[in-house]
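J.: Single-letter residue listing:
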Amino acid sequence: MVSQENAGPDPQTNTPAKLHVDDLSIHYGSHAALEHVSLDIQENEIFGIIGPANAGKTSFLKAINRMDMFDPNMKTRGSIQLNGHNIRKVRNVYGLRSRIGVVFPLPVGLPLSVYDNVALAPRLRGLKDKAELNVIVERCLTRAALWDEVKDRLDSLGSLLSGGQQQRLTIARALSQEPELLMLDEFSIAVDPVTTMRIEDVLKELKSEMTIILVTNLVQQARRLADRTAFFLEGKCLDIGVTEDLFTGEVKDQRTRDYVEGRFG
Amino acid sequence: MKTMFEATPINHKNLGRQKLFRFLLGSMTALLIFPVILIMGTLIYKGAPVISFDFLFSNPTNGMTEGGIFPALLGTILLVLVALLASVPLGVAAAIYLSEYAPDNWFTRIINLAIINLAGVPSIVHALFGLGAFVIFFRFGTSILAASLTLAIMTLPVVIVATRESLQAVPMAFREACWNMGATRWQTIRRIVLPNAITGILTGVILEVSRTSGETAPIMFTGAVFFLPFLPQGVFDQTMALSLHLFVVSTQVPEMPEAVPYGVALVLIALVLMMNSLSIALRMYLRGKKKW
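Chains as they are written, first to last, in the numbering used here: chain A, 1 to 265; chain B, 1 to 292.
These are computed hints drawn from the structure, not numbers from a lab.
Predicted, not measured: the structure shown is a model, and the values here were computed from it.
Each residue gets a CB set at the ideal place from its N, CA and C atoms; glycine is no exception.
Among the hints, erroneous ones may be present.
[As the list claims (entries may be wrong)] To be clear about the criterion: a stretch of chain A counts as covered by chain B if any three or more of its residues have a C-beta under 8 Å from a C-beta of chain B, and this derived list gives those stretches:
#	stretch
1	63-73
2	84-97
3	102-112
Next up, chain A with everything else stripped away, as it sits in the complex:
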């Protein structure tokens, strides 16, 4: 197995992994979405996941956030450890989810004002102080490259923003959780290229504060951002390594090279 060589502590720094995934399989009924995936994600790295549709990328993220609890059809096997704690044994699943920010490809602007959308997570934590909330809202919207467009209409409904704006609102909301782990699933799908670049710059800065998992269809986006990248295909993790190696160095599976060079997928 390719991935097993990466299990355990980071060989360079010898710190324990932020996220340790061991033999994870995910089934929806009889359909296997992910099979025997093992990998480690280190603290403060951007970890890219690339692969064509139906590779199990989104299911992988869902399992980390315990979203299998929403779907009685979704069954997971294997173990996922965040900070060394098995997330399946975590009693306070709400506490777990509040530490993980997640952005899915279909933007969801909650039917609240723009301000309330971003203030929701701090409020759920019990923060009531207006001044503190103002600071958080402005900081998160700025980081999500949305502040300039909405600063004059924070009272308008988040669900009535344009698709691209809702996408950035969703990112701002995830950031407002002040997460340890930020999971982005195709965040740029509804965002124009210029704004995408701005958000990518922000992600590079955020790396010092949090660990980021970046699922993307854009191979070049992974190359620009990710420290290490995994290639998923049909529910299997075929390759994993330092991002540049997937493009230029040695790959374990020829299909990885074919994919990153655009020969299939």
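Please arrange chain B on chain A, whose structure you already have, making use of the hints.
T.: Okay, now just chain B, sitting in the frame of chain A:
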């Protein structure tokens, strides 16, 4: 360019069908409106002359053939209000549980089936149930409380179904987005789901008010009486009610002036419309504020 937009035979056929169905559907709608206009027209034409301040706000006299209908008017308002107080909290709470918490298993499905069946039970059966349960077993006697609780039980399915439908109309994606941030089910319900379902819940309440104020059978056995010379002093008193009064003045009193039953019916309908317009106004206000 002329040939490009010339109608082909298939265009002609489609246009013909379009006209036909538009006419059919439109005339069905017209048929629906017709009886409403007829009823309202008759009631206003025959009943309006007897409506006066005295008619609304004085007691009936001379074997109900003269005087007003105040005890019945007040009685209906009280019956509806107490019934709402009982059924709205109970029905909304049950609907929230069924929509947001209950697992999808055989037990939940049986409960849902039971609620639908409860809606199909004839009102006279509810009346006998109310008599047995509230009047006799709980010793409320024939009283406003017993009658209102009977009405509440009868209209619970309306409230539950309307509330559940409006909760489920809130997209699942909103809930998941909220849960993903670490919100509990209750935080999600309180902050996202309920505020967006409130207009649908009010629709259920409107339906309930309309149905409750017109019912006769359930209150006949449990708290409403033909004639009372005084107004009810509390929920353990009996009361007159417009619906029962209408039945009485239409069929039970000889030499009743012809206009009186029309007047009573007109007041009953006007009362329902007034109570409804309050919640319709609230609904319009809330709908203006929330959207997705």
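J.: Which hint numbers does the structure go against, in order from smallest to largest?
T.: The structure breaks none of the hints.
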